[in-house]
Amino acid sequence: MPKMKTNPGAKKRFSLTGTGKIRRKHAFKSHILTKKSKKRKRNLGYYSEVDKADQKNVKLLLGMK
96 MPKMKTNPGA
106 KKRFSLTGTG
116 KIRRKHAFKS
126 HILTKKSKKR
136 KRNLGYYSEV
146 DKADQKNVKL
156 LLGMK
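In terms of the working numbering, the sequence shown opens at residue 96 and continues consecutively.
Simulated from the structure, these hints should not be mistaken for lab results. These figures come from a predicted structure and were not determined experimentally. Each residue gets a CB set at the ideal place from its N, CA and C atoms; glycine is no exception. Hints are supplied without guarantee of correctness; some may be wrong.
In silico lysine-lysine, DSS-like type, Cα no more than 27 Å apart, as pairs [stated by the list, open to error]:
hint, residue 1, residue 2
1, K100, K131
2, K130, K106
3, K116, K98
4, K100, K136
Derived CB-CB ranges, DEER-like [as the list claims (entries may be wrong)]:
hint, residue 1, residue 2, range
5, P97, R135, 42 to 50 Å
6, T101, S125, 34 to 42 Å
7, L111, G140, 28 to 36 Å
8, R108, S132, 33 to 41 Å
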């Protein structure tokens with residue numbers, strides 16, 4: 096059986112933590128920032144964890160299963 100290939104788009108967008116959780120960046124932080132509040136932009140800058148419902152699909156894209 097051939098090797099599993101990592102999806103290049105997923106490779107750029109997701110990263111693994113030391114404990115094995117999958118990190119992602121928030122959307123809506125790239126342009127049209129003038130109408131967004133400072134608090135909203137600040138909170139969009141932080142990383143968050145991928146939702147439990149999506150973890151299986153993301154792991155498949157990253158070639159982890």
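Status of the hints after comparison with the structure:
1. Between K100 and K131 the alpha-carbon distance is near 38 Å, which puts this suggested pair outside the 27 Å criterion.
2. A C-alpha spacing of about 31 Å is found between K130 and K106, which places the hinted pair above 27 Å, so the restraint is violated.
3. With a C-alpha separation of about 23 Å, the suggested pairing of K116 with K98 holds against the 27 Å cut-off.
4. A threshold of 27 Å between alpha carbons decides the hint, and for K100 with K136 the separation of about 35 Å lies outside it, so the pair is violated.
5. The supplied range of 42 to 50 Å is met by P97 and R135, whose beta-carbon atoms lie about 45 Å from each other.
6. Evaluation of the 34 to 42 Å hint for T101 and S125 yields a failure: the beta carbon distance comes to about 24 Å.
7. Between L111 and G140 the beta carbon distance is about 20 Å. The supplied range of 28 to 36 Å is therefore violated.
8. The given range of 33 to 41 Å is broken by R108 and S132, whose C-beta atoms sit roughly 25 Å from each other.
The structure fails hints 1, 2, 4, 6, 7 and 8 (numbered hints given earlier, in ascending order).
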